[in-house]
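Model the placement of chains B and C on the given structure of chain A, informed by the hints.
Protein chains in written order, with the numbering used here: chain A, 714 to 965; chain B, 352 to 883; chain C, 69 to 728.
There's no promise every hint is true.
[What the hints assert, rightly or not] EDC-like mimics (lysine to aspartate or glutamate), calculated; alpha carbons at most 20 Å apart, straight line: (1) C:Lys-235 to C:Asp-309; (2) C:Lys-572 to B:Asp-514; (3) A:Lys-782 to B:Asp-479.
Everything labelled a hint here was simulated from the structure, so no lab data went into it.
Remember, predicted model here, so these are calculated numbers, not experimental data.
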Amino acid sequence: MSEQSNSNGSGYIIECQDVNKWFGEFHVLKDINMKVKEREVVVVIGPSGSGKSTLIRCINRLEEHQEGKILVDGIELSNDLKNINAIRRETGMVFQSFNLFPHLTVMQNITLAQRYVRRRPRRDAEDMARQLLQRVGIPEQANKYPGQLSGGQQQRVAIARALAMQPKIMLFDEPTSALDPEMIKEVLDVMKELARSGMTMLVVTHEMGFAREVADRVIFMDSGRIVEIGTPEHFFENPSHERTKLFLSQIL
Amino acid sequence: MTAKYSRTDDFFVNTADLSARRPPPRPQNTAVQILQLPAVIVASYLVYIGGTIFFWNLLNDFPTVLAILVKILASKVGIHLDSLDAFLDIFIVNIANVVEAGWLGFLVAFPYIIYSMANGLLVQWRTDIPIYRNIVFLSNITQSVFLFAVIVGLYTLMLNVKDNTQIPINWNVVSRRFSVEVSEGPDFNTELTWLKDIPLVGDSLADAAILRPGTATRALMTGVINTLRAVLLALVFSTLLGIFVGIGLLSNNWLVRNLSTIYVEIFRNTPLLVQLFFIFRGLLGVLPTSPRDAYKFGDFYLSGRGLNFPKVLTTDTYPYFLVSIIIGLVVGVFLWRWRLKVQDETGKPANTLAWFSLAFLGLGAIGLGLAFALGGSPFKLDYPVLDRFNFSGGSRWSSGYLTLVVGLTLYTGAFIADIVRAGIQSVSYGQIEAARAHGLTSNQTLRLVVLPQAMRLIVPPLTNQYLNLSKNSSLAIAIGFYDLYNVATVVQNQTGQAVALFAILMGTYLVISLLISLLMNMVNRSLRLKTR
Amino acid sequence: MSEVYHRPDETFYVAPKEPPPSRRPPALTIGPVGWLRKNLFSSVSNTLITVITVGLMAAFFYELVTWSVAKAEWNVVNNTMRLMMVGLYPVDQIWRIELIAILLVFLSGLGLGVWGGNARGFFIIALMIIIAALFIPIGAEKIEPPPIRFLITPTDAIGPVVFVGDKDDTVRLSVEPIDDNAIANETSPFVGFIENSPGSSSSRALWNNAKAQVVAGTLDLTNYNLQLTVQLLDRSGKVLDEQLSTPTRRRVNFEFKLPADGWYYVQVLRDETSEAIYETVDGVQLPIAPARTLPNTGYAWIRIDGVDTMSSQVADVEQRTKTYGEVPAIQCPSAAECRRLLLEENTRFEGARSFSAFLKTQLDPFLQEIIVSLVVGFAVMLAAYSIGNFAKQSRNPSSKKAVSRVTIIGWIIFFPLSWILLSGFKDPDSVHPFLRLPEVAQSLWGGLILTIVLTFVSLTVAFPIGILLALGRRSKLPIISIFCILFIEVVRGVPLITILFMAKFIVPYFAKSMSDTELLIRLLVGLTLFTAAYNAEIIRGGLQIIPKGQIEASQALGLNPFATNAFIVLPQALRAVIPAMMSQSVSLFKDTTLVSIVGLFEFLGMIELIVNGQQIYRPYQREAYLFVGVIYFIISYIMSSLSRRLEESGAGTVRKMRKA
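The shape of chain A in the complex, shown without the other chains:
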């Protein structure tokens, strides 16, 4: 349901071309070139400070890149208000710290953006919300407040909230890093189901198991540069770059 259809026929739904970003003097993204196809699941891994979160946040304009071009579904990310809004409608984001609105119930959290951005009537929005809650496995929590839910449940609500906008792409910024080990599984299960259903996903995570199981490609970033892009099999069994080898030896 996007306003602007994919204008170039290359089939890539996210494209980054020579993207560079600075925070003041600090060069945080260096010459990023990457492409994501539709229905693809791409996992971005790397040590902290490597710029993975920044990259993902640049894609839906939570951060501004200074050089280079980012195209989402053929729409270029620029100072054009219309483009920014369109891109934000196409992408859904799930944050590390959930960022649910604590003063609204779960139902209200999910329906808020639907009603005010997509202009859906309340009934339809609530129906969609119930469907999504069912999908993520917690339909009985609809009228509770986020503070009453466990961390895993909150993150699943966050996923449902993002899905309610029916985006084409889902961006995940370390979705399980703030969860207790018991709850990581339930969130990962939802993400796996999402991947299986054909959603384009760009996931920044430390969960290597997830990457191995579900990813189509793995991007390894370090110090702001993309070091290696490969398939999970290749990446985990037989990495090419020295830096990749070093990193994997430290975490596996």
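Just chains B and C now, kept in the frame of chain A:
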């Protein structure tokens, strides 16, 4: 510099140097871009000036023309505006001011508007982003419109004020002579002879018109000094009282604790003005006003006029005493540091305070003895002596001054007490337990563990209370004490220059507030926890 | 198995089957003794502090209580109650203010019921106060009225004393001679109401004169020979009873019984001719030879008991006229000897008042004035609280929602409604007959109601302005944020009084059409801007604690900045700063006193006017300011307790997200 793809677009290994960095692109800020478009700026001004000149007559007649148009249109519709002529007169005067302010607003905001439009258009030409959707353009235009509105608003008000005040605004009010009795503080009708002693600028300062005796500036200076006298004293006392009561709020003596709470609740919940009136009219006001009937405590006389007490004057032998005190101070500081070193190296208790006091007081006593030996006491007291109607000699704190200091102390002290309590309570009990477990005494725990941490929480709200205290001192006008605000009001009554005086008044208070904030910020910064 | 457990110092040990019974702690550590030991006497220094503090406090409270009861003159409060509460509002329109007060109490009760916690304690205390306030006047009725005194000197007699009385009341009159000791005494020898006709013929002036003469030695009080005729007259001047006092240096008492309800005079005549007097010689009373007769002279107190001092309150005067008729005209024996007791202004309490006199003459009138409003207010608040509480606890969530909606709407329309009620319409006839409220000029508003109006209007109008300023201060657009920062810092850096003065003098210059603005409006503008700046800082604090992630999440969802602020940021921020806002409101309530300096007569200003403007009340500054202080204290204390309760119930924190 593009990265090298070693395989397809989908998979790749980066063989370039991973650590190289590039400097950021040139900052895209406003100032630089304005400099980038000087031609646009110059052109815009030419257009503006040219247009103004060309249409000058039209602009001048614009308000009248507008009024006539409105009248004609209204009469066509059937409304007769003759009765509204008076209204329109006022309206027209104000419209003229609005228009004039509008031109000023344009003058200032025009370049910014032109720059935003030019930038937006350039971007549109280059990259297809329509100007009305360009978020950079939108934010620039919002700011420039806001700037325009603010300038128009403020300037219109200023022009209206200028039109409507009967007495023309004259900023020379500060050098006009005027006469009023300000019964305390430094006399502003005398020459400031010490000005000449200032090197370099002394002579020109001494001749300055605004510093001559009897001018409004001198009166205002007297007012400032009065304010500072009250504020500084009240600051010190209220802090002491606040600390004392704050500790009392946490005492394990039920009586002390509850009495402190009662004190804090009463003085926080009643308005300061009521307290001042009660003290001034109810307590000091019922004292006999005639000096003859004043209450006598030794050489202190308390009457309805105030507190008369002996003034301390210095004699010829004072310098000896002063020098020995200073030497005592210096020696004391050295002893302090030496004792700390001794404690570091040998572990013996430092007793810094004892040694410091020994040095200071000892040398002071020597100095005193020296002074006596050489010619008598270094101080002499000027006792207040009862004349027929009044006291002569001695110094006097007027009842207004007493009221202000006592009232401010009690009022602010209550707030400070609560702040101190909150600060001390914020130190988690585990800290105290750990300290006691290590064998530190109660006193040491308080001094070394609790207070340093509590201070961090206490200082910011304490700053706030100090600022409030300095602002509350302006209530002196209600009790007749000639602080800055009262003097300014008096000057304004005499000279009618409300605008100028209020500007000076508000400026002075802002400066005082700023000084207090800066000082307390320095204290705050020195208390900051060092984190990673 | 009785020896199962060994002594505890052995290496191996098995406990008995049953644990030993619990014992109570040692007697000296529990109960009131234990409490005392722990709290007051736990250590030497503590004991010392306790002793000193108790001593100081006892002395202080003793002084305070004896002053309030025995010496303070609280009539300044009783007589001027209406002025203090509503200022110069026209008397016949006061019902409008009463209506506003009832609405306010009702809405407060509703709010308390719906959102407040358990307010039972508050109502119980209020109920106890009201019961006390009801019983004291009843008890006071039974108390004997305090005596009234006049001074008789050789040259001054008293004229008729007018009073009202009921059938079978007993009026006692006594003549108390004064001797050297009494007059030379420093302290006031008399207790009771002293008639205080103005000028040199007042009892106090005569007393001071005599005292001065005795001290100077020019007056000898041993010549005592007062022969007085005491008469009781009815309102037409007919003598009902007459008694004679003989010259003795001891007190002489007379009693009169009133035959019916109505006005009466008591008249004391000096008999100019003197009869022979007696002197005691060797225990035998002998008449003194006419050559040695002394003139009818002496100093004595005439004391009248059983007569109420009369109130000068309008309502009481009306009641009195209705019951007993108009004040009769006085016939004086001669113009110079005519001093009459009529109005309460003519009497002043001297000396140390007894507690019963305090109850009857000070507390009783005060309570009678306020008891009706207390009872009505309490009933209304209780009713509203019950409604609110009932709705809160009912199972039906929509009823709770309905009641809280009604409350909020009630509060919102309360402010403009009360403004309209207070000010009325300029042209009453043009409005619907039901709403025909004549206009009351704002210059007539005053007293406590004006304080409340100032507080509420400033708070309400400053609220949105404060939000805008706080958001503007955090804006990324530098010009807007600089403007907001400048405005906030300048307004916060100058004293409120300068802003009010500016508002009063400079605002009219802003536009010629504004030069006729009412002072109230001008000061409201100043007060509102001041409050808005302080509110902005408080709201900024609330905005700062909202995690940045919230805003990012709403941006990621595509919400525009306006929606983000309205639905996400502001609800959380405002909820977080409620306690701080409440304490700011208390501050504002106290700061409204400053408008009295610029000429608006709110509560404190009204007191100032009364106590400084009217000569008669000028000596009573302490009582007036104490009363003012107590009222302000009560209201502020209630408001800050409310905010403390709110804070404790968790309203003041951003709703925490439970971490996994």
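Verification of the supplied hints:
| no. | hint | in the structure |
| --- | --- | --- |
| 1 | C:Lys-235 to C:Asp-309 | holds, 15 Å |
| 2 | C:Lys-572 to B:Asp-514 | holds, 18 Å |
| 3 | A:Lys-782 to B:Asp-479 | holds, 15 Å |
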